[in-house]
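A.B. asks: Those protein sequence lines, which keep their order, are chains A and B. According to our numbering, the first sequence holds residues 255 to 495 in order. According to our numbering, the second sequence holds residues 255 to 495 in order.
Just so you know, not all the hints are guaranteed correct.
All copies of an identical chain are treated as equivalent in the list; a pair is satisfied when it fits inside any one copy or across any two copies.
Unchecked claim - In silico SDA-like cross-links for lysine to any residue, where the CA-CA straight-line distance does not exceed 25 Å:
1. 348 / 304
2. 402 / 381
3. 352 / 386
4. 348 / 296
5. 352 / 387
6. 352 / 393
7. 352 / 304
8. 352 / 396
9. 346 / 304
10. 348 / 328
11. 352 / 392
12. 348 / 392
13. 352 / 397
14. 352 / 395
15. 352 / 394
16. 337 / 380
17. 408 / 344
18. 416 / 382
Note that these hints are calculated values from the structure, not bench results. Bear in mind that the values here come from a model prediction, so they are computed numbers and not experimental data.
Protein chains: 2
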Amino acid sequence: MATTTTTAATAAVCIGSSEVGWQQQQEKKKPEQQAAVGDQPWLPPGFRFHPTDEELVSYYLAKKVHNSSSFSGHAIAEVDLNKCEPWDLPEKAKMGEKEWYFFSLRDRKYPTGMRTNRATEAGYWKATGKDRDVTSSRRPSQLVGMKKTLVFYKGRAPKGEKTNWIMHEYRLEGAAAADSNTHHLQPPPCIVNNNKDEWVICRIFQKCPGGKKSFLLGMDGGGAVCTAGAPNMSGADDGAA
Amino acid sequence: MATTTTTAATAAVCIGSSEVGWQQQQEKKKPEQQAAVGDQPWLPPGFRFHPTDEELVSYYLAKKVHNSSSFSGHAIAEVDLNKCEPWDLPEKAKMGEKEWYFFSLRDRKYPTGMRTNRATEAGYWKATGKDRDVTSSRRPSQLVGMKKTLVFYKGRAPKGEKTNWIMHEYRLEGAAAADSNTHHLQPPPCIVNNNKDEWVICRIFQKCPGGKKSFLLGMDGGGAVCTAGAPNMSGADDGAA
Numbered sequence: 255m256a257t258t259t260t261t262a263a264t265a266a267v268c269i270g271s272s273e274v275g276w277q278q279q280q281e282k283k284k285p286e287q288q289a290a291v292g293d294q295p296w297l298p299p300g301f302r303f304h305p306t307d308e309e310l311v312s313y314y315l316a317k318k319v320h321n322s323s324s325f326s327g328h329a330i331a332e333v334d335l336n337k338c339e340p341w342d343l344p345e346k347a348k349m350g351e352k353e354w355y356f357f358s359l360r361d362r363k364y365p366t367g368m369r370t371n372r373a374t375e376a377g378y379w380k381a382t383g384k385d386r387d388v389t390s391s392r393r394p395s396q397l398v399g400m401k402k403t404l405v406f407y408k409g410r411a412p413k414g415e416k417t418n419w420i421m422h423e424y425r426l427e428g429a430a431a432a433d434s435n436t437h438h439l440q441p442p443p444c445i446v447n448n449n450k451d452e453w454v455i456c457r458i459f460q461k462c463p464g465g466k467k468s469f470l471l472g473m474d475g476g477g478a479v480c481t482a483g484a485p486n487m488s489g490a491d492d493g494a495a
Numbered sequence: 255m256a257t258t259t260t261t262a263a264t265a266a267v268c269i270g271s272s273e274v275g276w277q278q279q280q281e282k283k284k285p286e287q288q289a290a291v292g293d294q295p296w297l298p299p300g301f302r303f304h305p306t307d308e309e310l311v312s313y314y315l316a317k318k319v320h321n322s323s324s325f326s327g328h329a330i331a332e333v334d335l336n337k338c339e340p341w342d343l344p345e346k347a348k349m350g351e352k353e354w355y356f357f358s359l360r361d362r363k364y365p366t367g368m369r370t371n372r373a374t375e376a377g378y379w380k381a382t383g384k385d386r387d388v389t390s391s392r393r394p395s396q397l398v399g400m401k402k403t404l405v406f407y408k409g410r411a412p413k414g415e416k417t418n419w420i421m422h423e424y425r426l427e428g429a430a431a432a433d434s435n436t437h438h439l440q441p442p443p444c445i446v447n448n449n450k451d452e453w454v455i456c457r458i459f460q461k462c463p464g465g466k467k468s469f470l471l472g473m474d475g476g477g478a479v480c481t482a483g484a485p486n487m488s489g490a491d492d493g494a495a
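Looking at chain A on its own, in the form it has when it is part of the complex (with noise of 0.2 Å):
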C-alpha cells in the first residue's frame, strides 16, 4: 500500500448540491431541534465519517507520517492524549456523533522504553487484549497497521476505577510503514528514531454500560456502541432467512 502514501493531488472537488440546504436549517435550530445530520455543512444529510480499518491506516495515518505532519483533513483533529479527558473529547473532534477520531503522537514514558505513558489527570487508558492486525482488502492481503483496544479507568493504577470509554488506536505497520527508513519487527518501526513517525490514529467512542450487543456501529464483530440519537439503519430483525 505504499503507493497510497505519495499521492498528492489536491483537487477541489465540488459536490454541487441542494442537498445541503436541509443541513444547514437544521444547524439554525436550536440543539435540541436538531436532527442527527453529523456536523459538516459540507456533507449532504446521510453522508458520514465511516472509516474502515484499512482506510485509517492506509490513508489517514500514512499521510500523516510520510507526506506531512501537518496533513489533517476534514475528519480527524490532533489531540494531544496525555492533556484530555475522554469525556473532553468529542468537542474537540472536527466531526462525529457517536465515534471521534484523532491524531495523536505517543508519549513514550521512558526515553529508552517502549512502554507508552497513556495517563490524563483524571485517569488512564489501558490496554486489553490483543493486538490486531489492519490488512489491506487487495490480494494477497498485506499487513498494513496494528489495532489495539484500550479502555479509561478512573485514577491510578492498580486501583483504577474501570469506565465506558474505549479507544482503537491503530499504527502503522508493515506495507503502510515501508516508506519508513527504518525496518524493526518490534518495535514497530514507527516508533523508532523519528519523531514524526509516532503518529497514530485514535478513535474514542463510549460504550453502552450494559455492554448490549445489539447496537453494534461496525461489522467486524466487536462491541457496542450508546445509540442515543444516532443513525439507525438496522437490518429487518424479522423473518430472513
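The hints should help you fit chain B onto chain A, whose structure is shown.
C.D. replies: Chain B only, in chain A's frame:
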C-alpha cells in the same frame, strides 16, 4: 418536519482537498486491487452514505415527494422494483457497498385497492413483521414516516423460496407528509389520489445466511449484514465496563 421539505438552497460545496487523490488512485486499480473505499470520487476516503431513518424520510423522501419528482441527489437512484431482481440492484445503485438505496414508485396491484404488487419475474417481496414508526429526533418527537421490512422469495406465492435479500421500505407519514393535500390515517396520504406521492425509498441488502447477529451495520438493533470488504468499525470486544 415540514420545514425540512421546502429547502431549495443550491450551494455548490467544495471539499477542496487532497484526500480525494487516494480514492482516485484506488479507482485506477483493477477491481481486485481496490480497497473498500466506496465508489464516489467526490468523497474523501472513509466517507459513506449511512443515513438515519429520519434523514431518509424527512430529507430525501420528502424532497422527492413534495419538491420535485425529478429530485435524485448523489446517493439514491430511481428504479422500478417490479422489473429488477434483487441481485441486479447493486449495479443500478449510485453508491453503496453492502446496502443500496432506491427511489421507487409503488405499483398498486388493484387500482381500487391498497395492496401493492411487489412481484418480479423471478419472485416477489413479502412483508414481514409490523411496520415501524420513523420519528423525528427533535423533541417532542413527531411521526414522519413508516418503515416496512420485506423479504424476497423466489418463485410464486404461496410456494416461494425464501432468500436472504431484505428490503426496508420507507414511506411518508404524519409530519413529513403534511405538505400533501390529502390527509388520511389509513391508507397513508402518500399513496392516495396523487401519483407523485407514491414514491418510497427502499434500502436493499443481503442478510448473512446464518442470520448471525454480530455483524450489524446499524445501531437500532436489527439484523445482520454480510461483511466481506465492508467497513469494520468494531467496538471493543474485550474488557470494557
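A.B. asks: Hint by hint, note whether the structure agrees.
C.D. replies: Results for each hint:
no. : hint      : verdict
1   : 348 / 304 : both (13 Å within a copy, 18 Å between copies)
2   : 402 / 381 : within (7 Å within a copy, 42 Å between copies)
3   : 352 / 386 : both (22 Å within a copy, 24 Å between copies)
4   : 348 / 296 : both (13 Å within a copy, 19 Å between copies)
5   : 352 / 387 : both (24 Å within a copy, 23 Å between copies)
6   : 352 / 393 : between (32 Å within a copy, 20 Å between copies)
7   : 352 / 304 : both (11 Å within a copy, 13 Å between copies)
8   : 352 / 396 : between (30 Å within a copy, 23 Å between copies)
9   : 346 / 304 : both (18 Å within a copy, 23 Å between copies)
10  : 348 / 328 : both (7 Å within a copy, 23 Å between copies)
11  : 352 / 392 : between (29 Å within a copy, 17 Å between copies)
12  : 348 / 392 : between (30 Å within a copy, 23 Å between copies)
13  : 352 / 397 : between (28 Å within a copy, 24 Å between copies)
14  : 352 / 395 : between (30 Å within a copy, 20 Å between copies)
15  : 352 / 394 : between (33 Å within a copy, 22 Å between copies)
16  : 337 / 380 : within (16 Å within a copy, 55 Å between copies)
17  : 408 / 344 : within (18 Å within a copy, 47 Å between copies)
18  : 416 / 382 : within (12 Å within a copy, 42 Å between copies)
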